[in-house]
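Peer 1: As a plain string of letters, each chain reads:
Number of protein chains: 2
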Amino acid sequence: MPYFDFNATSPLLASAREIWLRANDEHWQNPSSPYRDAAKVKIRLDNARDQLAEFLGTKPDLLVFNSGATEGSHAILSYLAAQAGSTSRIAVNRTEHPCLLGAARTSFSGRIVWLDTDHNGLVPPEAVSRVLAEGELAAVVVMAANNETGVLQPWAKIAELCRTRGVPYVCDASQWLGKLPASGLGAVDWVIGAGHKFGGPKGVGFLKRAAQADGFRAQPGGEQEGGRRGGTENLPSIWAMTVALAEAEQKKVFLETERLTWRREFERAVLASLPGASVVAAEAERLWNTVSVLVPQGENHRWVTKLDKLGFQVSTGSACATGKEGPSHVLTAMGYTAEQAKRVIRISSGWETTRADWQALAVALVEVARAFGQEMGNVVKA
Amino acid sequence: MPYFDFNATSPLLASAREIWLRANDEHWQNPSSPYRDAAKVKIRLDNARDQLAEFLGTKPDLLVFNSGATEGSHAILSYLAAQAGSTSRIAVNRTEHPCLLGAARTSFSGRIVWLDTDHNGLVPPEAVSRVLAEGELAAVVVMAANNETGVLQPWAKIAELCRTRGVPYVCDASQWLGKLPASGLGAVDWVIGAGHKFGGPKGVGFLKRAAQADGFRAQPGGEQEGGRRGGTENLPSIWAMTVALAEAEQKKVFLETERLTWRREFERAVLASLPGASVVAAEAERLWNTVSVLVPQGENHRWVTKLDKLGFQVSTGSACATGKEGPSHVLTAMGYTAEQAKRVIRISSGWETTRADWQALAVALVEVARAFGQEMGNVVKA
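From first to last, the protein sequence lines stand for chains A and B. Residue numbering for the first sequence is -13 to 368, as defined by this note's numbering. Residue numbering for the second sequence is -13 to 368, as defined by this note's numbering.
Simulated from the structure, these hints should not be mistaken for laboratory data. A few of these clues could be false.
Same chains, same names: a pair is fine if it fits in one copy or spans any two.
Unchecked claim - Within a straight-line C-alpha distance of at most 27 Å, the following computed BS3-like cross-link-like pairs (lysine-lysine) qualify:
hint	residue 1	residue 2
1	K45	K26
2	K295	K26
3	K295	K238
4	K143	K45
In isolation and in its complexed conformation, chain A is listed as follows (with noise of 0.2 Å):
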């Protein structure tokens, strides 16, 4: 499969579709409806969070189902600046995706403390110590795994840290679910997470409250998710999603060493092959689906469209991002210059994608360098 964009977004598995198409046929009611049919749309709904709530490692009730990770960070961020009050500050970490970075600036505008970043973007556990030391926060905000560089966030550490401190920590776990096990994530607060990074359906996704939030409510309307969330349960979409993530805990996670594997393979040779290549975060611990390359020369545009027409979708970076001005602001958290950020491409695979999709990625990464390279007057080695 020549899809390299799995961080942007993810076909729908088959075992997902066919859910939704069942759920579709057979238990399409609406769950609050007083009827048997309902009730038994209530029964799958209760079943899809009870599955859900097992991967976690969290209670059914913590579980609150919504249209995706978006979502999740405003409903969370603006229940916690309501508890903090006006005055309250929250700790950000500087690489979070765009939709957690909006609900921040939303919530707390002016109040967001910036937390330190390495030179690979990950938050030293050190850091958030100093900053909840320094006194009183709303909450901590620091993703599991970064969507443009696959770096891992020592969120296990930074949840025992918050815990200690009594402060609320809140981490999307977007990127994370489907690739790594969710196992563990049930200590964490506040955990945001969106069917369609994992094979499951757009548009719906979920949140892990606190277990001390009991007043949270999102978008109060009806009584639905417990009343912690308006809006008719979309039971099919959230059937799916829980039946997508069922099959990347229970099949597909075993597997993860070889993939990772494949992935070294396919840095080592675009290193060999790219002089003047790098690799970003290349040190750091990342999924084993998720690289961003530096080139050597052109812009990560024309390289996407010079790789798409030889086959390979890949991305400039956040897809969300696109349309928005200037650098990533993950990228320049790391200390990549604006001119450096703009010729980084990432790529971002699948649990379907074969060690000839990366290995044939890496010869057209090679064959677009060379027509650079001949575009400028000079053959790269190859």
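Given the coordinates of chain A, assemble chain B onto it according to the supplied hints.
Peer 2: Okay, now just chain B, sitting in the frame of chain A:
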């Protein structure tokens, strides 16, 4: 089809199902991604927006796709609250759907001016004129058609009054769309719609913003929807929703008169065979699909259960209100006592419902009434 709860949710139309699958097969990429297949997704998204704009009679760039009516309500009212300032008031119809009431209470807590309604739950245009004359308002909120009674509000007239005074008008058209022509709604400043009410998928909806509300941004995150709503666009569901609306608009609307006749026949049959029964807002103009019946005896929950056993699915009122304490706010606003409100059952048909279905339901109601009568030791005339 013995399902008479279309106002709660509708089964997915075959046409919508087909498009959802096609989109997930062929156009599942992230429309914000930078390669050609993603651009094709963007084109489909634009096409869906164009088509929806045509139905409503508005400009495509005034439409924002989202997860449904509850999200739309909150997004619009929180924007209007921010625009109008912290002392601004909002005029709200008492019979709105809980999601509008929830959004009003969230964004205009303690600053809601309730609009007068008559005994049919109708907001007379004069009631709107009165509050408009009383001073500055952030907005006027009156739905197009009531979800519990089917009563049609004079939204076109209200839109005109608000336009004259330069006050934003917010109209929840969730129950109107797909049942009556969308045409004309484009003239309303702010319109709210939800796909699953008219045969589209659950978890998808849209709002129309006011032309002058250029700064409108819901859940800011990525630059999706022209920066007006963060979150990966759910093209499969958006496209399917548009197809579902197209089916209602193009194929079925001319059948309305016949459907209205069937509902009236049903009402006459019920009134003739159930002494003491009455139709809620009987003389008001109502949706062709909706009738709320005040039954002569027995609580509505018991009626629903007995009808369910006979194969008919009806509701006690808004599914979104299930779990809430107390009588329906809609019926209370109309002057019904709590005891009466507990005897109201909501019946809402779909385009698929036949005349025979309506007739069979009338017979079933008599059967249930007879069972109640026997319980009470007296037999209802049948």
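Peer 1: Against each hint, give a clear statement of whether it holds in the structure.
Peer 2: These are the hints, each one checked on the structure:
Only within a single protomer do K45 and K26 lie at most 27 Å apart by alpha-carbon distance; the minimum there is 21 Å, versus 41 Å between protomers. For the identical chains of this complex, K295 and K26 are inter-copy neighbours only, at 15 Å across copies versus 49 Å inside a copy, given an alpha-carbon limit of 27 Å. Taking the shortest Cα distances, K295 and K238 never come within 27 Å of each other, neither inside one copy (31 Å) nor across copies (45 Å). In this assembly of identical chains, the alpha carbons of K143 and K45 lie at most 27 Å apart only when taken from the same copy (21 Å versus 50 Å across copies).
Against the hints set out earlier in the document, a violation occurs for number 3 only.
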